[in-house]
Structure formats: structure tokens, C-alpha cells
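**Q** First to last, the sequence lines map onto chains E and B.
Note that our numbering numbers the first sequence so that position 17 is 17, with each residue one more than the last.
Note that our numbering numbers the second sequence so that position 34 is 34, with each residue one more than the last.
Just so you know, not all the hints are guaranteed correct.
No copy is singled out in the list; a pair is fine if it fits within one copy or between any two copies.
To be verified - BS3-like mimics (lysine-lysine), calculated; alpha carbons at most 25 Å apart, straight line:
hint : residue 1 : residue 2
1    : Lys-222   : Lys-212
2    : Lys-121   : Lys-222
3    : Lys-121   : Lys-193
4    : Lys-178   : Lys-222
5    : Lys-112   : Lys-22
Source of the hints: derived by calculation from the structure; they are not laboratory data.
Just so you know, these numbers come straight off a predicted model, no measurement behind them.
There are 2 protein chains.
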Amino acid sequence: MMEKEKLRDFILDTFYFRHACKEFDPEQKIPEEDFQLILEAARLSPSSFGFEPWFFLVVQERSLREKLLPYAWGAKRQIPTCSHLLVCLARKSYFMRWDSDYITYMMRDIQKLPPDIQELKRQRYRQFQEEDFRLLESERAMFDWACKQTYIAMANMMTVAAMLGIDSCPIEGFHQEKTNALLAEHFQVDTEKFGIAYMLCFGYRVKEPREKTRQPLEAIVKWF
Amino acid sequence: MMEKEKLRDFILDTFYFRHACKEFDPEQKIPEEDFQLILEAARLSPSSFGFEPWFFLVVQERSLREKLLPYAWGAKRQIPTCSHLLVCLARKSYFMRWDSDYITYMMRDIQKLPPDIQELKRQRYRQFQEEDFRLLESERAMFDWACKQTYIAMANMMTVAAMLGIDSCPIEGFHQEKTNALLAEHFQVDTEKFGIAYMLCFGYRVKEPREKTRQPLEAIVKWF
Numbered sequence: 001m002m003e004k005e006k007l008r009d010f011i012l013d014t015f016y017f018r019h020a021c022k023e024f025d026p027e028q029k030i031p032e033e034d035f036q037l038i039l040e041a042a043r044l045s046p047s048s049f050g051f052e053p054w055f056f057l058v059v060q061e062r063s064l065r066e067k068l069l070p071y072a073w074g075a076k077r078q079i080p081t082c083s084h085l086l087v088c089l090a091r092k093s094y095f096m097r098w099d100s101d102y103i104t105y106m107m108r109d110i111q112k113l114p115p116d117i118q119e120l121k122r123q124r125y126r127q128f129q130e131e132d133f134r135l136l137e138s139e140r141a142m143f144d145w146a147c148k149q150t151y152i153a154m155a156n157m158m159t160v161a162a163m164l165g166i167d168s169c170p171i172e173g174f175h176q177e178k179t180n181a182l183l184a185e186h187f188q189v190d191t192e193k194f195g196i197a198y199m200l201c202f203g204y205r206v207k208e209p210r211e212k213t214r215q216p217l218e219a220i221v222k223w224f
Numbered sequence: 001m002m003e004k005e006k007l008r009d010f011i012l013d014t015f016y017f018r019h020a021c022k023e024f025d026p027e028q029k030i031p032e033e034d035f036q037l038i039l040e041a042a043r044l045s046p047s048s049f050g051f052e053p054w055f056f057l058v059v060q061e062r063s064l065r066e067k068l069l070p071y072a073w074g075a076k077r078q079i080p081t082c083s084h085l086l087v088c089l090a091r092k093s094y095f096m097r098w099d100s101d102y103i104t105y106m107m108r109d110i111q112k113l114p115p116d117i118q119e120l121k122r123q124r125y126r127q128f129q130e131e132d133f134r135l136l137e138s139e140r141a142m143f144d145w146a147c148k149q150t151y152i153a154m155a156n157m158m159t160v161a162a163m164l165g166i167d168s169c170p171i172e173g174f175h176q177e178k179t180n181a182l183l184a185e186h187f188q189v190d191t192e193k194f195g196i197a198y199m200l201c202f203g204y205r206v207k208e209p210r211e212k213t214r215q216p217l218e219a220i221v222k223w224f
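With the rest of the complex left out, here is chain E (with noise of 0.2 Å):
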């Protein structure tokens, strides 16, 4: 553990690092390792009940990137320069309702809960997607649920990646209906199953951002 002043220090400047970069330089790659361990911030992340509603495509094939491009607006510098370009699908309905056959792999599978908990588990969860999010209402509610566990997953390869010097910028926009098409297309994605969450590009800095603008606490927290 590091001394208390020194971590405090190194946590505020991961923050301040941190920004949406504009543009990477070419050149330079991130090493295996680092990116491994980005991965494996993502993989390592909360969500709800445990049930990792992700996937992610890592595209480095510059032939395929470049059908990315004209989808993502906003990213036109980004997606050709960055080290590593990462897609985050998030699981539909087919895998994340209460009653499928991906629910019972989790459970049994990686969670190894007992058959006794599976089913109490499974009940509250329905009860869950049922009753107080309504999620089984509409295939966007339940999709939208899903990508909210993938931002968690998001914030955290963002700030591990800081914490190691390396810059990032999220992509959320993007039409999505043509982009799961092309999705579909060229990276044998079922869109049935998943969908596009967003993108996320990695790499180094070839300028320093403008400086971070945000409101101060004062506006954003009350005390009770």
C-alpha cells in the first residue's frame, strides 16, 4: 500500500490525466501487457447480479476499422490512430432475461451457486426484471439495462488506463441501427443477441487537452 498523501495525489492526477482524446499518435502502441491489463479491469467489473451482460471486439485490422468510420462521427481521427479500438456489444434479451439458458451458465457454471440458491436467485430476479424496472416491457428497456452494466465496465479500462499513461476516448455516437448492421456484416455479430454499446479507443496523446471543466461539488452533492 502506498503512503496515504502519495495515493491520494496519484488518484486526483489519474482523473486529471483522463479526457476525452482527440487524436493518438500512430506510432506508438500500447504494450501486450497493458492492454491486458485493461482487459482485465473490464472483465474484473461489477454488474448487476453478477451476470456480465458484455462483450467486447478488440479491431486492429485496419481494413475494418476503417468500415467503422463513416458510423462514427465524432471519431474520425481517433479510430485510424489509436493503438487499440475496442467494441463493446451488450447482451439482449436472448441472454439476459430471467428465464434463459445463459442466466443458468452463470449460475452454475462460473458462480457455482448451489441449486437451492440458483432458484431463489432466479426468483428475485425475475421479481427484478418484472416488477420494479419493468424491463420486460420492451426489448430497448431490458438492452438499455444491460448497456448501463457496460458503462462500469467502460469507466473502469478508462481509469486503469490512465493510471497507466495511456489516453482513451469513449464513442457513443453512432447510428446504431447501421452500426449493428455493419456489426453484423463484418464482424459475424448476431444482432439478435447482442447490440452495440459503444466504442473505445486507446492509445497516447499527440497534444495536451484543454483544461477539464466541470461543475464544482457544491452544485452536484447535498447532504442529508
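Fit chain B to the supplied structure of chain E, relying on the hints for placement.
**A** Quick look at chain B alone, frame taken from chain E:
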């Protein structure tokens, strides 16, 4: 900057330390400066277009925590025992629509963009909301989109807490409408403008968690 090998270990230790804590030691309080750092991680988190669609309530009064208790199943032990209880609200259309006063305020007074850039950004934001994500079609789609951003702040708060040796537990399991009604009654929340995104408890564990379970990296990543 730490030596590379130590930093890697520190990052992995952080992610293995974090778990959904089931019960906190009611006697142990988080030092003020640590909790401020956790809030700072939320404040410095990125959001779509930098519009910070979040607001945080910190609920320390026993009587108010008790009011939340009946609606947060799965958190019966966490809410009374945690050192700090945070309720994250997401901003609704009232704030987040492309033509709102809040968006003007964010671009002009916080981001301090020149007027012509404000206008360009507003039009891009409008296109994003109208065409790419079709957020304007329903209040639910708009709210879910705002909620996604709040999960970035959630992840960063949990990760920073873990770096400081502080445990956490996110709570999604509550009846949305009933909880919002409660927030309106006892927390002066205008539920036309805000809705609950999640709760997040912080404190110190009373016992060690069961071993972390996750799918292996090969099951969730594909390279192209």
C-alpha cells in the same frame, strides 16, 4: 509514478478487493477526506458531451435511511450499517434535452465555449438525440441514456474507494416508482426533473467475501 510492477499489482489488488459488500461495520466511519476523494472521482468522471447528467444525495440521517430501507431489497443490512449512503439521481429531459436551459448553462458557464462552438455542439447533440439514438421518442429512453452516464461515476467511486481500502455496495434493486415517490416526499426531489439511478453504500466489511467469479477473458473478448 510508481514502479510498473508495483502499479500492476496495485491495480489488480484494487479490483480483487472490490466486491458487493453485504454488511458493514457500523462502528467504522470513513475519514472525511477519503469520502471527499470518492465524490471527486464522481465529479471528474466523463459523461456524454460533458453534460454531467447526475446529482448525488448523501444520506447520513438515520431516520431518512430508514425510510429508504423498505424499498431497497437486497440491501437490508447495508443501508443501516454503511458509513456513507449515496443516492445517485439522473437528470431527465427537463435538463438533458438539446434545447434546455441546463445545456445552455453547461456550454456557456461551465465549459465556457465560444458562442459559435456552442451552437455547433448543440446541433450535433440534437442530431445525436433525435436520429442516432432516438432518445426523444420516450422519456424512458432519455432517462436510461442519462442513467448510463451515471454508471461511469458509479464505477469510478467504487474503484477509488477500493484503492483507499473502502468497501462499497451498489444497489439497483428497488422499485423505481415507489422510491422516486419517497424521494419527492422526504428529500425534496422534483421527480419531474430527476429520477433515481442507483444507491451506493460505502464503509468497511465485517467479513471476507466469497471468492470472485467471472467468465475467463477468452469467453468475453474476440480479436479482429
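**Q** Now, for every hint given, state plainly whether the structure supports it.
**A** Results for each hint:
1. In this homomeric assembly, Lys-222 and Lys-212 come within 25 Å of each other (Cα to Cα) only inside a single copy, at 23 Å, whereas the closest approach across copies is 34 Å.
2. Neither within a single protomer nor between protomers do Lys-121 and Lys-222 lie at most 25 Å apart by alpha-carbon distance, with minima of 34 Å and 30 Å respectively.
3. In this assembly of identical chains, the alpha carbons of Lys-121 and Lys-193 lie at most 25 Å apart only when taken from the same copy (23 Å versus 33 Å across copies).
4. For the homomeric pair Lys-178 and Lys-222, the shortest alpha-carbon distance between copies (21 Å) is at most 25 Å, but the shortest distance inside one copy (41 Å) is not.
5. In this homomeric assembly, Lys-112 and Lys-22 come within 25 Å of each other (Cα to Cα) only across copies, at 19 Å, whereas the closest approach inside a single copy is 43 Å.
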